[in-house]
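Engineer: Sequence:
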Amino acid sequence: MATDYDELRSDVKESQDNSLEQLQSANAPDARSVVLELDEADGLDGAGVPGGEFVAEELVVQVIPQAEDEFTCYSCFLVRHRSQIARQKDGHSYCTECEG
Numbered sequence: 001m002a003t004d005y006d007e008l009r010s011d012v013k014e015s016q017d018n019s020l021e022q023l024q025s026a027n028a029p030d031a032r033s034v035v036l037e038l039d040e041a042d043g044l045d046g047a048g049v050p051g052g053e054f055v056a057e058e059l060v061v062q063v064i065p066q067a068e069d070e071f072t073c074y075s076c077f078l079v080r081h082r083s084q085i086a087r088q089k090d091g092h093s094y095c096t097e098c099e100g
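Mapping of the sequence shown onto the UniProt record's numbering: residues 1 to 100, in sequence order.
Because the hints were derived from the structure by calculation, they are not lab data.
Watch out, some of these pointers could steer you wrong.
[Said to hold, decoys possible] The following label-pair restraints were derived from C-beta to C-beta distances:
no., residue 1, residue 2, range
1, L36, C76, 43 to 49 Å
2, S75, L36, 27 to 33 Å
3, F54, S19, 44 to 50 Å
Idealized CB from N, CA, C, for every residue including glycine.
Please build the complete structure, drawing on both the sequences and the hints.
Structural biologist: Here it is, written out as structure tokens:
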């Protein structure tokens with residue numbers, strides 16, 4: 001007797017039908033309720049910081065003044081050594097990386 005291998009087996013078809021029925025009968029939320037929940041959650045997050053925590057610590061940074069052999073590039077605003085000056089125009093200095 002010939003076997004049709006393309007035909008769907010009966011046990012597979014039954015399991016597919018059962019799975020579909022279980023999904024349809026599940027208590028899944030509808031799209032509107034999900035959107036409302038997301039909107040409410042966004043409204044609550046606006047008062048805090050992005051990480052959700054408020055840290056009341058003060059950041060202490062030591063500022064070192066620019067040395068006499070340094071300059072600030074007018075293009076990238078990085079402090080560089082004078083040996084990296086590529087061009088000076090209108091009183092502004094540009095580094096070799098920005099001009100290269």
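Engineer: Could you see if the CB distance from S75 to L36 stays within 27 to 33 Å?
Structural biologist: violated, 49 Å
Engineer: For the pair F54 and S19, does the Cβ-Cβ distance stay inside 44 to 50 Å?
Structural biologist: holds, 47 Å
Engineer: Would you say the C-beta atoms of L36 and C76 sit inside 43 to 49 Å of each other?
Structural biologist: holds, 47 Å
Of the numbered hints stated above, the single one contradicted by the structure is hint 2.
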